[in-house]
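Chemist: Sequence:
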Amino acid sequence: MRKERKKKKYHSLIDKVWNWKNLNEAWRRVKQNRGSGGIDEVTIEVFDRNPEQNLSEIQRLLKQDRYEHNSVKRVYIPKPDGRQRPLGIPTIRDRIVQQALKNVIEPIFEAEFRDSSFGYRPGKSAKQAIEQIERVRNGGHEWVLDADIKAFFDMVNSEAFLVKLFLKGL
Numbered sequence: 001m002r003k004e005r006k007k008k009k010y011h012s013l014i015d016k017v018w019n020w021k022n023l024n025e026a027w028r029r030v031k032q033n034r035g036s037g038g039i040d041e042v043t044i045e046v047f048d049r050n051p052e053q054n055l056s057e058i059q060r061l062l063k064q065d066r067y068e069h070n071s072v073k074r075v076y077i078p079k080p081d082g083r084q085r086p087l088g089i090p091t092i093r094d095r096i097v098q099q100a101l102k103n104v105i106e107p108i109f110e111a112e113f114r115d116s117s118f119g120y121r122p123g124k125s126a127k128q129a130i131e132q133i134e135r136v137r138n139g140g141h142e143w144v145l146d147a148d149i150k151a152f153f154d155m156v157n158s159e160a161f162l163v164k165l166f167l168k169g170l
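Residue 1 is where the sequence shown starts when you use my numbering, and the numbers rise one by one after that.
Derived from the structure by calculation, the hints contain no laboratory data.
Computed from a predicted structure; not experimentally measured.
Where a beta carbon is used, it is the ideal one built from N, C-alpha and C, also for glycine.
Please note: incorrect hints may appear among the correct ones.
[Stated by the list, open to error] Distance ranges between label pairs, derived from CB positions:
| # | residue 1 | residue 2 | range |
| --- | --- | --- | --- |
| 1 | Glu68 | Arg137 | 45 to 53 Å |
| 2 | Val136 | Ser36 | 36 to 44 Å |
| 3 | Pro107 | Lys73 | 24 to 32 Å |
| 4 | Asn50 | Pro80 | 38 to 46 Å |
| 5 | Asp15 | Asp81 | 46 to 54 Å |
| 6 | Ser56 | Glu112 | 42 to 50 Å |
[What the hints assert, rightly or not] Only pairs whose alpha carbons sit at most 20 Å apart, straight line, appear in this in silico PhoX-like list of lysine-lysine:
| # | residue 1 | residue 2 |
| --- | --- | --- |
| 7 | Lys31 | Lys73 |
| 8 | Lys31 | Lys102 |
| 9 | Lys21 | Lys102 |
| 10 | Lys102 | Lys16 |
Given the sequences, and given the hints that come with them, work out the whole structure.
Modeler: Given below as structure tokens:
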């Protein structure tokens, strides 16, 4: 069931992203999550030597619309079957900006999502999704559709797809 709320119009949110309180909260979460540094080799510990100056620089660049993200550091994690899983590690700076963006836009989009949507949502888990499927099954439904759209756009005729979207007004 959708959450009922008054519809708001948002014209620009960037001032909420570079808000000092939001940047500090983003830094707190990035620091709490730990993790290694990115391609610039700046670690959490290095950033934390002068967080106010570092956050001020991020804020200044965002305010001036001059912030540019860095490339992502690629590392490979071994899987139990012997293959390797690629992992991208953003810089600490980029992780702070990403978290600041998430802090602002997540509450807006969360209010629109259905309660039955479980993918990559705060407070939602695979276990809860399975429990939901079991409730629906116990209610008499017999079919479940599981779809993975990984590489979908690599395999579809994108021109035809976009034309159909345009014609339908989507």
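Chemist: Does the hinted range 38 to 46 Å hold for Asn50 and Pro80 at CB?
Modeler: Distance hint for Asn50, Pro80 holds at roughly 41 Å.
Chemist: Verify the CB-CB distance for Pro107 and Lys73 against the hinted window 24 to 32 Å.
Modeler: holds, 30 Å
Chemist: Do Ser56 and Glu112 keep their Cβ atoms within the hinted range of 42 to 50 Å?
Modeler: violated, 34 Å
Chemist: Do the Cβ positions of Val136 and Ser36 conform to the proposed distance bound of 36 to 44 Å?
Modeler: Once the Cβ atoms are compared, 41 Å apart, the range 36 to 44 Å for Ser36 and Val136 holds.
Chemist: Between Lys102 and Lys16, does the CA-CA distance stay at or below 20 Å?
Modeler: With Cα atoms ~11 Å apart, Lys102 and Lys16 stay inside 20 Å; holds.
Chemist: Is the hinted pair Lys31 and Lys102 satisfied, with a Cα-Cα distance of at most 20 Å?
Modeler: With Cα atoms ~16 Å apart, Lys31 and Lys102 stay inside 20 Å; holds.
Chemist: Does Lys73 lie within 20 Å of Lys31 when you go C-alpha to C-alpha?
Modeler: holds, 18 Å
Chemist: Hinted pair, alpha-carbon criterion (20 Å max): Lys21, Lys102. Please report holds or violated.
Modeler: holds, 14 Å
Chemist: Range first: 45 to 53 Å. Now tell me if the beta carbons of Glu68 and Arg137 are that far apart.
Modeler: holds, 49 Å
Chemist: Against the range 46 to 54 Å, how does the distance between the Cβ atoms of Asp15 and Asp81 compare: consistent or not?
Modeler: holds, 48 Å
In terms of the numbered hints stated before, the structure departs from hint 6 and from no other.
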